[in-house]
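Let the hints inform the model, and build the full structure from the sequences given.
First to last, the sequence lines map onto chains Y and L. Under the working numbering, the letters of the first sequence match residues 1 to 335, in that order. Under the working numbering, the letters of the second sequence match residues 1 to 520, in that order.
It is possible that part of the hints are untrue.
The list that follows gives simulated cross-link-like pairs (lysine-lysine, BS3-like), each with its CA atoms no further than 30 Å apart [what the hints assert, rightly or not]: (1) K362(L) / K424(L); (2) K118(L) / K472(L); (3) K415(L) / K362(L); (4) K283(L) / K174(Y); (5) K337(L) / K472(L); (6) K82(L) / K276(Y).
Computed Cβ-Cβ distance ranges for the label pairs, DEER-style [what the hints assert, rightly or not]: (7) K118(L) / L101(Y): 49 to 57 Å; (8) V119(L) / A222(Y): 28 to 36 Å; (9) A203(L) / S313(Y): 30 to 38 Å; (10) G321(Y) / L120(L): 42 to 50 Å; (11) V48(L) / L23(Y): 41 to 49 Å.
Derived from the structure by calculation, the hints contain no laboratory data. Ideal placement from N, C-alpha and C gives every residue a C-beta, glycine not left out.
What follows is the residue order along each chain.
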Amino acid sequence: MNSTSLAQLSNFLVYGALIVLALAMAAFAIDLGVGTGRRRAAEAAARRDHQARVAATAGSASGGVSVIERPAVDIEVDERWARIGVSLSVLAFLLLVGAVLTRGFSAGRPPWGNMYEFSVAGATAAMGVWLFLTRRRREVRELGLLVVVTVLLILGVAVVVLYTESAQLVPALKSYWLWIHVTAAIIASGIFTVGSVASMLFLVADRYERRLAAGQSGGRAAWLDSLAQRLPTADVLDRTAYQTIAFAFPLWFFAIVAGAIWAEGAWGRYWGWDPKETWAFITLVIYAAYLHARSTAGWRGRPAAIIALVGFSAFLFSYIGVNIFFFGFHSYSGV
Amino acid sequence: MPTDVVDPMKTDEPVQPPSLGFFGSLRWAWRQLTSMRTALFLLFLLAVAAIPGSVVPQRGVAPLRVGQYFVDHPTLAPILDKFSLFDVYAAPWFAAIYLLLVVSLAGCILPRCIRYAKVLGARPPATPRNLSRLPVHRELTVSQAPDAVLDAAVKALKGNGFRVDRHASGDSVAAEKGYLHEFGNLVFHVALFIILIGVAWGALFGWHGTVVVIEGEGFSNVLTQYDDFAPGRRFDPGMLPPFSFTLDSFNATYVTDGPRRGQPDSYRADVTYRTGPDSPDVKATISVNEPLVIDGAKVYLLGNGYAPRFTVRDGNGTVVFQGPVASLPQDPLFTSKTAVKAPDAQPEQLGFNVTVTPTAPKVVDPLTGPRSLFPEDNNPRVYLGAWAGNLGLDNGTPQNVYELDTSQMKQIGLKDLAPGETWKLPNGRGSITFDGLAEFGNFQVAYDPGRFVALLGAVAAIVGVMGSLLIKRRRVWVRASADSEGRTLVEVGGLARTEATGLPAEIDRIIAQTQGEEQV
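What follows is the structure, given as structure tokens:
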């Protein structure tokens, strides 16, 4: 196969992944309705009853502290849709890996030389990270819908807006540091993506649990409550977010340091406040604030999750915004 | 610092306003500054303060664009300048934020280092009375004697890397693991200081400059040879190592077909250098991503361009100019512009505006002027505008070498030349010969003595933060007591001092190992 047909194959694999991901999205949506989500909803109902009982007894005694527990509920659950969703996700992941590899072979270099390639690789990394986490903890599977939607969005933007023909690199990018610096950045971005999905869902679950504790329900955004009932507890989501971000943070730091070493060899200085450098630094500082907030009274939970999402916005801006709005050394977008 | 170890930065209660006089106020201010909330606030401030530097052009990064900004926004620019917004990262207010952060960090880290040094030698804390109140709690009844159970527990815990203390009272064992968590945490934060020291060292004693060197010409590392030079705060011209180099040849290759036609493929500068006036000549190659290191200074290839060679004769036939002139590229295909100035020409000074096309078009578009078709010198051609009069070089103000000041001159003709061709100027004013096209390299020479310190700090920071975020600190206690039926009640309690999800599973594993030991 020659370079052009390999690039063509890579494109087809991306389109294939888009279709499979759309199917996975449908499977996870159904699972939320009639599968795992149904059990979660039943658990939530049982928890509400439990809450009411605790409140009743505590009310007669001393007001007491209400502890949110999750009573076990014994209902038959149809997990078929969740499994179908995961299987389709694995298939999509493999297609994406194939797309990245064929693109790399087509150009004869690491396949992350422009924004299209970085986005496809980043989406692949996010899928891989999420699938890996589902092996370690079951509840993570329930992030599936939002992870798949996010990855679909990234790929959609990549295909429609960022697409560039497979081609050679400019001389400045021909260095083994491309492997080190950009690979670290791609993996970190995949992990940050999964962490942000967990943070977002945490906010939904946390809102629900706080309303529940305060005895509120219904209202304008009742659908958020019904979504929250079908999710893992806020605590689990919070921990998932923390663990992913705590893992990605050193990796991001490493990506920046590797970039600095490369810059020292290519541009004659290791740090020069180029817009890309500046925004990578801002992202790092905000995620550092997140890690500190997690261990500071009054900042745990909701504020920390919001900081994590601000950090992800800064990351997105350092990735996309900088190339579009600013002039700088990192102008390899190909757009 | 993401940790739950007893921590002065984590006071949950609001800080009371001071009523203790001067020293009380000082202590109060110190506690405020070193509190985690302040650190968080300063981190946000630092993130926000870094933003304008990416929006407004910076003198240190793109001085030309700063100049353009002043032209485009004549009212706004001086105001921005007043707030140092063109030098954000050297601005006093930016320094104030990171210095406060550094002080806050020091105030937090130093006491913790001392406390950590003490904890290192300490025994795990005594067993709490009520193990059932701990986050992880297990109870089981076994047939072995309490002492045997505790012996087995000590062995299992030690086997899992715990520091174990068998209490004198005899009925329990205390164990702790993950001391490296706090160590990593401290290393990370101390490493940030090291990075800062490296950066500061480079800013004080480092220097960098750029210079254009044309093929066949040389460069000596003295201040006057640089086109542009940025010294550190403690720079002294005596610090420049006395090396020199000659650019023997410059080679650039470009993509010849496909959608990226004309884009650069590789650059290479072949040079001969010597480390001092009496040192031997050494041949070397400089390319993008591969600088040449001479005496600790690094020579980088930043860019390239073309330098047409001319011979200019005046009305008397005297050679008044001979040699190459570097030209400024105007587009990616190296349509370039420059000027030739012959102040000694008689009867009047001569000047030429020059447009260079390394690959000339067949027909010149009258709207755009001559445009190169390809960046390589396949079919070089120069387009000349000749001027006579006063070049304006004597009035003391520095002139742009790439442009002609034609305010006191009049145009005497237009002509384009291929290499080797000569143009006889009208009215016997002389002639100009286009002798050929040379290439030039734009080099940056940089010396940063702090970069190894900064790199050391960065590596230590990465190792430290990994230790801090991936190592979990946790404590386990085991208590064994005989019950009324002659069996032994074993209680196990666990407490994670950091974010640790694996503790329940770990405790179950240790219990299983303990029981395994007993059966042997």
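Hints, one by one, checked against the model:
1. For the proposed pair K362(L) and K424(L), the alpha carbon gap of about 23 Å is at most 30 Å, so the pair holds.
2. For the proposed pair K118(L) and K472(L), the alpha carbon gap of about 19 Å is at most 30 Å, so the pair holds.
3. For the proposed pair K415(L) and K362(L), the alpha carbon gap of about 15 Å is at most 30 Å, so the pair holds.
4. Taking the CA atoms of K283(L) and K174(Y), the gap is about 23 Å. The hint holds against a cut of 30 Å.
5. For the given pair, K337(L) sits about 64 Å from K472(L) by alpha-carbon distance, which is inconsistent with the 30 Å threshold.
6. Restraint check: the Cα-Cα separation between K82(L) and K276(Y) comes to about 25 Å, which is no more than 30 Å; the hinted pair holds.
7. Against the hinted window of 49 to 57 Å, the Cβ-Cβ separation of K118(L) and L101(Y) comes to about 54 Å, which satisfies the hint.
8. Taking the beta carbon of each, V119(L) and A222(Y) are about 51 Å apart, not inside 28 to 36 Å as hinted.
9. At about 31 Å, the beta-carbon gap between A203(L) and S313(Y) stays in the expected band of 30 to 38 Å.
10. Restraint check, G321(Y) to L120(L): a C-beta distance of roughly 46 Å satisfies the suggested window 42 to 50 Å.
11. For the pair V48(L) and L23(Y), the beta carbons lie near 43 Å from each other, so the given range of 41 to 49 Å is met.
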